[in-house]
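In case you want the letters, here they are:
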Amino acid sequence: MDERDAGQEALEPDVYPAPRGLWQRVRRSEVWRSAFRHPQLDTPRGRALQSFSNLFLHVYPVKVPGRVLRFRYSWRLGYILAVLFAILYLTGIYLMFFYTPSVASAYGDMQQLRTGIGFGQLVRNVHRWSAHLMVLVVVLHLARVFFAGAYKRPRQFNWVLGVGLLVATLGLSFSGYLLPWDQLSYWAVTVGTNLVNYVPAVGRILRDLLLGGAQIGQATLLRFYALHVVVLPVALTVLLALHVWRVRKDGFAVRQPTGGAFAEQATELPPPPVPVAAGGAGGGTGDGGQRVRLLGVVDRQSVTAEERRVDDTVFTWPHLLVRHVVVGLATSAVVLTLGVAFAAPLRGLANPELTPEPSKAPWYFVGLQELLSHVDPLVAGVLIPTGTILGLALLPYLDRNPATEARSRKVAVLLFATLLAVATVLTVVGTFFRGPGWRFVPPWRHLYVEL
Amino acid sequence: MKLNRRKLLRRGWELGGTLLGVSLGWTAFEALRPLAGTGAGGRIALGDPADFKPGTATYFTEGRLWLVNANGHYFALSQRCPHLGCRVPFCKSSGRFECPCHGSVFDIGGEYVQGPAPRGMDRFDLRLDNGTLVVDTGTLVPGPDHGKQDFLTPPLGPPCITRS
Chain A
1 MDERDAGQEA LEPDVYPAPR GLWQRVRRSE VWRSAFRHPQ LDTPRGRALQ SFSNLFLHVY
61 PVKVPGRVLR FRYSWRLGYI LAVLFAILYL TGIYLMFFYT PSVASAYGDM QQLRTGIGFG
121 QLVRNVHRWS AHLMVLVVVL HLARVFFAGA YKRPRQFNWV LGVGLLVATL GLSFSGYLLP
181 WDQLSYWAVT VGTNLVNYVP AVGRILRDLL LGGAQIGQAT LLRFYALHVV VLPVALTVLL
241 ALHVWRVRKD GFAVRQPTGG AFAEQATELP PPPVPVAAGG AGGGTGDGGQ RVRLLGVVDR
301 QSVTAEERRV DDTVFTWPHL LVRHVVVGLA TSAVVLTLGV AFAAPLRGLA NPELTPEPSK
361 APWYFVGLQE LLSHVDPLVA GVLIPTGTIL GLALLPYLDR NPATEARSRK VAVLLFATLL
421 AVATVLTVVG TFFRGPGWRF VPPWRHLYVE L
Chain B
1 MKLNRRKLLR RGWELGGTLL GVSLGWTAFE ALRPLAGTGA GGRIALGDPA DFKPGTATYF
61 TEGRLWLVNA NGHYFALSQR CPHLGCRVPF CKSSGRFECP CHGSVFDIGG EYVQGPAPRG
121 MDRFDLRLDN GTLVVDTGTL VPGPDHGKQD FLTPPLGPPC ITRS
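Protein chains in written order, with our numbering: chain A, 1 to 451; chain B, 1 to 164.
Certain hints may be false.
[Claimed, not checked] In silico SDA-like pairs for lysine to any residue, Cα to Cα no more than 20 Å straight-line: (1) Lys63/A to His319/A; (2) Lys63/A to Val325/A; (3) Lys148/B to Leu346/A; (4) Lys92/B to Glu353/A; (5) Lys152/A to Pro402/A; (6) Lys92/B to Thr58/B; (7) Lys92/B to Leu354/A; (8) Lys148/B to Lys53/B; (9) Lys63/A to Val244/A; (10) Lys2/B to Glu14/B; (11) Lys53/B to Val134/B; (12) Lys92/B to Asp376/A.
[To be verified] Chain B stretches covered by chain A per the calculated footprint, using a threshold of three residues with CB under 8 Å from any CB of chain A: (13) 26-34; (14) 97-109.
If you are wondering where the hints come from, they were derived from the structure by calculation, not from laboratory data. Being a predicted model, the structure only gives us computed values, none of them experimental. A virtual CB, placed ideally from N, CA and C, is assigned to each residue, including glycine.
When you get a sec, could you build the whole thing from the sequences and use the hints?
Quick look at the structure:
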């Protein structure tokens, strides 16, 4: 039976004799076909039908440009983020079964999770490492998109959505930080929330609104829990759905046909069709030697022509999907390995009357904490972070240079690289080189780090 | 501008939507705003002033505050550092408040001496009521600005936060 016959058989199973074997009988049953309306077919039409009719495959387009398959195209950073978010969802649901957001029991629940719940410690470790990695990868993703110039027309709004996702990711990670209710979480959140105090006029109101009182307590824990398990995951899911939808609508990431660090191999496109004269009712030979057939004569005004060159598109299933499965498995393996190798810390019960030395904000805010020890609080705590987020969101509308190649936008690349470098240096210094009293302590003398 | 039926309806929807959004936002704000008087926000009797000797700082857990006697001047200082909210312990050896988080130092009166803190330690309202010091932990007054050092004296001894 050739491929075409096999496709027809699978598409119209009723007209063909019943297959052999139990598995095939199940797949031919009415119950099965009512759920999976199109069988697995190794034909272009079959793959298209599968993509259209499958809820999960329908997230993807049926075909994608061939360049999407190359790993260096995007380093799969966006997809890795989606996988990490899925891992956080699953592990978070597991943890919710064993956690009560109460200052009286939260810490005990964490201890119970370590010692009395099957895989509790491992799941918590994986959850924590996935959260850390998600913050790191979202920054890398942002940097890659910037350096590839993929925030420019028509992708401006998707860049804004991406900045929203960055903020939501930071909020998710920060709100989860308090939940263990140990000394590390209590004081890290104390330091982090006090940054809001420096907002002129409304800083105190904002901070009290976030904490549910003047100090961190039961109200704070409950608010952070609600934000962490409902508000922010829903917000992030909606933003992510819009983001992915825009990626499809905007034709995936930007094409870089020429040289440079992010250059792609130029896609070999077929030459544009050569206009030929009608060779009569029976057909004829054009200037390019092609035989054409005249199918009909229509009014010139009635024809809507779209000049669109044929691209080297490939089927998402299996080409892209297989790559995504591999990257998903690799990401899962990395967080699992980290979870097995490094346990999430749990210090003593939160004690509002004993500040540990040193007290550091979560690592992604330590750069701000470091900056606060050098610069005026209004500048370091308010103007710089707010300005950075607003500047990033407005970047596509402020940058009027249409070029996407790095070599044609040296000023923008230099500015962004400087911003990244400064943020990295501040974070590294604050994380690894600061000890009691925020004094400079080289990590080889003593390491004051707990992630 | 001519207002026809279609425009009137559109304006109505826009106005209704705006009012709904504002009222929802205001309701959420009112619901989430912490109520005054909850938590550590009441009045606490601290004791006879004579019980607190000059140059001493006494901690009161229920108010999370330090009562200090700075050369006969009494202050109820919030334990929170005005920099980033860490608890500021009193260092007996130096006779100063030293923040362990970022190294801010305050004198016995809670006035700024050094470090990244934007001002001195915040103070609660303190009154003498029938011979007893009573603090109102619901009224917090921002600490004195940099430069005000009425109670600054040389450190009595070594600091508690040692330089590594």
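Hint check results:
no.	hint	verdict
1	Lys63/A to His319/A	holds (9 Å)
2	Lys63/A to Val325/A	holds (17 Å)
3	Lys148/B to Leu346/A	violated (42 Å)
4	Lys92/B to Glu353/A	holds (17 Å)
5	Lys152/A to Pro402/A	holds (7 Å)
6	Lys92/B to Thr58/B	holds (11 Å)
7	Lys92/B to Leu354/A	holds (16 Å)
8	Lys148/B to Lys53/B	violated (23 Å)
9	Lys63/A to Val244/A	holds (15 Å)
10	Lys2/B to Glu14/B	holds (18 Å)
11	Lys53/B to Val134/B	holds (17 Å)
12	Lys92/B to Asp376/A	violated (30 Å)
13	26-34	holds (count 4)
14	97-109	holds (count 6)
Checked against the numbered hints above, the structure breaks hints 3, 8 and 12 and satisfies the rest.
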